[in-house]
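Colleague: Sequence:
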Amino acid sequence: MPIIEPITLTLAELASRWNQTTRQVLEQGLPMYFYFDGLVFDFGDKWHRANGDVQEQQALEAHQTRLSTVDLDLQRQALHKRGLLKLTQWEDALSDEDLRNLQAESDRLHKEIERLTALLKERNEERQRHVRNGLLRAAPRTLRDIAQHGQSKFPQFAFMPNSPTGNEKIAGGAVVALEDGFPVKALLTEADLVIAMLDVRSVESADKG
Numbered sequence: 001m002p003i004i005e006p007i008t009l010t011l012a013e014l015a016s017r018w019n020q021t022t023r024q025v026l027e028q029g030l031p032m033y034f035y036f037d038g039l040v041f042d043f044g045d046k047w048h049r050a051n052g053d054v055q056e057q058q059a060l061e062a063h064q065t066r067l068s069t070v071d072l073d074l075q076r077q078a079l080h081k082r083g084l085l086k087l088t089q090w091e092d093a094l095s096d097e098d099l100r101n102l103q104a105e106s107d108r109l110h111k112e113i114e115r116l117t118a119l120l121k122e123r124n125e126e127r128q129r130h131v132r133n134g135l136l137r138a139a140p141r142t143l144r145d146i147a148q149h150g151q152s153k154f155p156q157f158a159f160m161p162n163s164p165t166g167n168e169k170i171a172g173g174a175v176v177a178l179e180d181g182f183p184v185k186a187l188l189t190e191a192d193l194v195i196a197m198l199d200v201r202s203v204e205s206a207d208k209g
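Taking the working numbering, the leading residue of the sequence shown gets 1, the next gets one more, and so forth.
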């Protein structure tokens with residue numbers, strides 16, 4: 001019965017196959033891959049967190065904080081006008097015009113919070129379309145760190161591998177940003193790396209030639 005050849009080898013398996021240390025294999029510059037389950041974005045993608053998500057979330061939080069202050073002031077001023085509350089020494093009774101301006105600010109903040117909330121909801125839904133559950137090619141810097149230290153800080157970027165079917169949303173070889181990996185990993189180690197059997201065969205054929 002023919003032996004089915006694996007599609008990939010772990011770094012340790014390849015080191016054993018070639019009778020080398022893992023560091024020696026790493027230093028040969030072979031493409032190496034690691035498994036990632038999370039969100040993957042082209043750096044130019046508008047749904048990438050750096051392209052708006054952070055600013056919009058910060059703006060939403062700032063508006064919510066300001067609105068709570070404005071609405072509290074409106075409530076206290078209304079109670080004061082009705083004789084139900086005495087203002088503190090740090091508060092001044094507002095004129096009708098000031099109250100109208102404060103109410104207008106409250107209305108504007110409510111609308112802006114509603115807009116930003118809807119936008120962030122849309123962003124979250126669109127971002128979930130960028131889930132990847134598969135291999136990514138490690139960047140040279142990542143491999144260099146692993147060769148020197150046995151591990152690297154879990155990368156924030158990597159390369160898309162070439163797809164045999166060519167049906168990936170992001171082209172093979174493109175640099176991609178990684179977000180929200182699951183489970184969350186702080187480090188990438190030698191044990192996480194695999195090498196494509198095609199690349200292994202290519203090197204072995206070249207050595208024989």
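Derived by calculation from the structure, the hints in this document are not laboratory data.
Keep in mind that the hints are not guaranteed to be accurate.
Claimed, not checked - Estimated spans, in silico, between C-beta atoms of each pair: (1) Thr65 to Glu126: 23 to 31 Å; (2) Arg115 to Thr21: 28 to 36 Å; (3) Gln58 to Gln151: 52 to 60 Å; (4) Leu74 to Phe157: 14 to 22 Å; (5) Thr21 to Leu187: 30 to 38 Å.
Unchecked claim - Dumping the calculated BS3-like pairs for lysine-lysine here, alpha-carbon to alpha-carbon at most 25 Å: (6) Lys153 to Lys185; (7) Lys121 to Lys153; (8) Lys111 to Lys121.
Just so it is clear, CB atoms sit at the ideal spot from N, CA and C, and this is done for glycine as well.
Colleague: Against the structure, test the hints numbered earlier, and report the numbers of the ones violated in rising order.
Modeller: 2, 3, 4, 5, 7
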